[in-house]
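*Asks:* So you can see what is in the structure, the chains are spelled out below.
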Amino acid sequence: MTNVDDLQFGLETFGDILGDDNGGTLSGAASIRQIVKEGILADKLGIDVIGIGEHHRPDYSVSSPETVLAAIATATDKIKLATAVTVLSSDDPVRVYERFATLDALSNGRAQVMLGRGSFTESFPLFGYDLKNYDDLFEEKLDLYEQLRQEKPVTWSGNFRASLKDADVFPKTEHGLLDTYIGIGGSPESIIRTARYGYKVVLAIIGGQADRFAPYIKLYKQAAEKYNNPVLPITVHSHGFIADDENEAIEVAFKNIKANFDRIGQTRGWAPMSREQFDGETKTGSFYVGDPETVAKRIARTIKVLDLGRFDLVYGAGNQTAAQRERMIELYGSKVIPRVKEILAEEQA
Amino acid sequence: MTDIKRVGILGAGKVGIVLAELALKAGYEVRISGSGEIAKIAMTIDTLVPGAIAATNEVVVQNSDIVLLAMPLSRFKNNLATLLDGKLVIDAMNYWWETDGIREEVLDSTTSSSEQVQAYFKGATVVKTFNHMGYHNLQEDARPAGDAKRKALLVAGDDSAAVATVANFVDTMGFDTLIASNLAAGIMAEPGADMFGASVGKAVLQQLVDDFPESTLGKQISAQK
Ligand SMILES: NC(=O)c1ccc[n+]([C@@H]2O[C@H](COP(=O)([O-])OP(=O)(O)OC[C@H]3O[C@@H](n4cnc5c(N)ncnc54)[C@H](OP(=O)(O)O)[C@@H]3O)[C@@H](O)[C@H]2O)c1
Numbered sequence: 036m037t038n039v040d041d042l043q044f045g046l047e048t049f050g051d052i053l054g055d056d057n058g059g060t061l062s063g064a065a066s067i068r069q070i071v072k073e074g075i076l077a078d079k080l081g082i083d084v085i086g087i088g089e090h091h092r093p094d095y096s097v098s099s100p101e102t103v104l105a106a107i108a109t110a111t112d113k114i115k116l117a118t119a120v121t122v123l124s125s126d127d128p129v130r131v132y133e134r135f136a137t138l139d140a141l142s143n144g145r146a147q148v149m150l151g152r153g154s155f156t157e158s159f160p161l162f163g164y165d166l167k168n169y170d171d172l173f174e175e176k177l178d179l180y181e182q183l184r185q186e187k188p189v190t191w192s193g194n195f196r197a198s199l200k201d202a203d204v205f206p207k208t209e210h211g212l213l214d215t216y217i218g219i220g221g222s223p224e225s226i227i228r229t230a231r232y233g234y235k236v237v238l239a240i241i242g243g244q245a246d247r248f249a250p251y252i253k254l255y256k257q258a259a260e261k262y263n264n265p266v267l268p269i270t271v272h273s274h275g276f277i278a279d280d281e282n283e284a285i286e287v288a289f290k291n292i293k294a295n296f297d298r299i300g301q302t303r304g305w306a307p308m309s310r311e312q313f314d315g316e317t318k319t320g321s322f323y324v325g326d327p328e329t330v331a332k333r334i335a336r337t338i339k340v341l342d343l344g345r346f347d348l349v350y351g352a353g354n355q356t357a358a359q360r361e362r363m364i365e366l367y368g369s370k371v372i373p374r375v376k377e378i379l380a381e382e383q384a
Numbered sequence: 003m004t005d006i007k008r009v010g011i012l013g014a015g016k017v018g019i020v021l022a023e024l025a026l027k028a029g030y031e032v033r034i035s036g037s038g039e040i041a042k043i044a045m046t047i048d049t050l051v052p053g054a055i056a057a058t059n060e061v062v063v064q065n066s067d068i069v070l071l072a073m074p075l076s077r078f079k080n081n082l083a084t085l086l087d088g089k090l091v092i093d094a095m096n097y098w099w100e101t102d103g104i105r106e107e108v109l110d111s112t113t114s115s116s117e118q119v120q121a122y123f124k125g126a127t128v129v130k131t132f133n134h135m136g137y138h139n140l141q142e143d144a145r146p147a148g149d150a151k152r153k154a155l156l157v158a159g160d161d162s163a164a165v166a167t168v169a170n171f172v173d174t175m176g177f178d179t180l181i182a183s184n185l186a187a188g189i190m191a192e193p194g195a196d197m198f199g200a201s202v203g204k205a206v207l208q209q210l211v212d213d214f215p216e217s218t219l220g221k222q223i224s225a226q227k
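Protein chains in written order, with our numbering: chain A, 36 to 384; chain B, 3 to 227.
If you are wondering where the hints come from, they were derived from the structure by calculation, not from laboratory data.
Take these hints with a grain of salt, some might be off.
Unchecked claim - Negatives, chain B to chain A, calculated, CB over 10 Å:
1. A28
2. L109
3. R152
As the list claims (entries may be wrong) - EDC-like cross-link-like pairs, simulated, lysine to aspartate or glutamate; straight-line CA separation at most 16 Å:
4. K16(B) - D201(A)
5. K42(B) - E174(A)
6. K16(B) - D67(B)
7. K200(A) - E186(A)
8. K167(A) - E100(B)
9. K204(B) - D178(B)
10. K7(B) - E142(B)
11. K290(A) - D314(A)
12. K207(A) - E311(A)
13. K261(A) - D48(B)
14. K339(A) - E382(A)
15. K124(B) - D161(B)
16. K187(A) - D201(A)
17. K167(A) - E142(B)
18. K151(B) - E311(A)
19. K42(B) - E186(A)
20. K318(A) - E142(B)
21. K235(A) - D342(A)
22. K256(A) - D160(B)
23. K167(A) - D161(B)
24. K253(A) - D173(B)
Each residue gets a CB set at the ideal place from its N, CA and C atoms; glycine is no exception.
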């Protein structure tokens, strides 16, 4: 098991539009400024990572996460800056490299690239890609990204992008290699691919018990060995909400997580979330909701069962207010994280 | 009722793996394939479902008493239409935006996806089930017969003997069953229906069936007729 002192704790937000105090919503611009404020708060509290998602929809404010991370970068000094995720399939790997190398420069080496296929499809038509090539796009672009990441001139050709001949990309990073993760939703093939590239795994566990991913982690370890790559610490990301009072946390989370899931479900054809479903997820599933003690216990358990190196709490689902979000971050940084470490240290002793 | 001993699964993704796991637990001999070479899925199968045999589509089909389709819906036509001739087939596939792309390019909008699968695999007998439950529910909610918390799956088909065999098979996999009137009625379990995503007991499932005609999708369908 990862030594307690080496465990990392992150916060991730998808950039949901905030609610205001009168039951309305803030603008996208105001929501973005709030995220910057939260990133700075998280840094002050000693939270290890802030991750920001990329969406191209009216219910989310952030389409350009590196820009928001850049703002956080120049106002903080310790917190790592991640995307959650960068939709590589509909992006240009050259641009991805350039944006992250720039973020890495601004932050003195704190950029983390989290690549994924994304769970929305808006970016495909927007950037001129065909959803039919969903799998092939990701595979091909990952191959190019990995070559660019070596920070040496690249000669490359593929099906979805102009060829490159001795192309050199800038800026170079000061430490020579962008820290790279792949966000995975549970497909065994993605696990093996991540191990093959030697990237770190971020498992998005958004429903059901975390325990069921234990075999997938075993698969990652075996695949890493097979490809002679180091076995790197695993991250899990799951939704959550924390408030001083347990019942308040549950009610706020139910309202907001339900609103978020139902809105997405509408376009995908799944039925609205029932209270029973929500309660199941908060008791033993993948929503980390409650007062600091409850949430700490559940996170500690997940870290232990899956032997994680890092846990990222996804916050802000639905239209939470700035006050709710900030209080949640304070509780996460000042109470939950220390308590998780304490629980795990007791068990390790 | 056909005696089922050997289960074949086409598709070694999230759902295929869970179905393989349940079938192994139920004591069946299990073969499973992906779209490509065996080597591509061998490690996954050895690690996640030790005991299942990784094979090619052809070998899986030849050596199975029942074949489960667990590949993306947009891919089923990549297989020869004769691949499943003479076979009892469970269609667990759904239209899913993320993998399948634009719906109209994959599916005719007037019938259930399973009817289109049946129309393509003319020589097979297709029964629809395992569709409306998410794969983690399939994995976590399987329970022995008689368990008070047991969940139920809708089973839809046109051949009553095949439906009976499949219902019995689903029961051995850990779920109660509710039989729909025919394959077309399986549309009640598809994305867009209130049943989609439901992991519920038989009584609640029955309620969803009863309420279907008055649901948004139900009204839409009756308006088309
Ligand atoms: N996810 C759920 O909760 C859920 C629940 C019920 C039903 N379903 C339905 O079940 C199906 C599978 O979903 P999934 O989530 O398991 O998808 P997935 O994780 O993407 O896995 C799909 C699998 O099918 C394989 N495949 C593709 N073409 C094939 C072919 N011609 N022959 C054999 N195998 C082939 C793929 O192999 P390669 O990687 O080699 O292409 C992959 O192993 C979909 O239709 C889905 O809508 C999903």
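*Asks:* Taking the hints in turn, state whether each one holds.
*Replies:* Structure-based check of all given hints:
1. A28: 18 Å, holds
2. L109: 12 Å, holds
3. R152: Label holds. Min Cβ-Cβ 15 Å, cutoff 10 Å.
4. K16(B) - D201(A): Distance ~40 Å between K16(B) and D201(A) Cα, so the pair is violated.
5. K42(B) - E174(A): Between K42(B) and E174(A) the Cα gap is close to 15 Å, so the pair holds against 16 Å.
6. K16(B) - D67(B): Not OK: K16(B) and D67(B) at ~22 Å, beyond 16 Å, violated.
7. K200(A) - E186(A): Given that 16 Å is the threshold and the Cα spacing comes to 14 Å, the pair holds.
8. K167(A) - E100(B): Holds - the C-alpha atoms of E100(B) and K167(A) are around 9 Å apart, at most 16 Å.
9. K204(B) - D178(B): The given pair, whose Cα atoms are some 7 Å apart, holds under the 16 Å limit.
10. K7(B) - E142(B): It is violated: about 23 Å lies between the C-alpha atoms, which goes past 16 Å.
11. K290(A) - D314(A): Measuring from Cα to Cα gives roughly 12 Å; hence the hint holds.
12. K207(A) - E311(A): Cα-Cα ~51 Å, so violated.
13. K261(A) - D48(B): Cα-Cα ~14 Å, so holds.
14. K339(A) - E382(A): 9 Å, holds
15. K124(B) - D161(B): Satisfied, since the Cα-Cα distance of roughly 13 Å is no more than 16 Å.
16. K187(A) - D201(A): 9 Å, holds
17. K167(A) - E142(B): 32 Å, violated
18. K151(B) - E311(A): Distance of about 13 Å is within 16 Å: holds.
19. K42(B) - E186(A): 30 Å, violated
20. K318(A) - E142(B): Distance of about 14 Å is within 16 Å: holds.
21. K235(A) - D342(A): 14 Å, holds
22. K256(A) - D160(B): 46 Å, violated
23. K167(A) - D161(B): 34 Å, violated
24. K253(A) - D173(B): Violated, at roughly 30 Å.
Consistency with the previously given hints fails for numbers 4, 6, 10, 12, 17, 19, 22, 23 and 24, ordered from lowest to highest.
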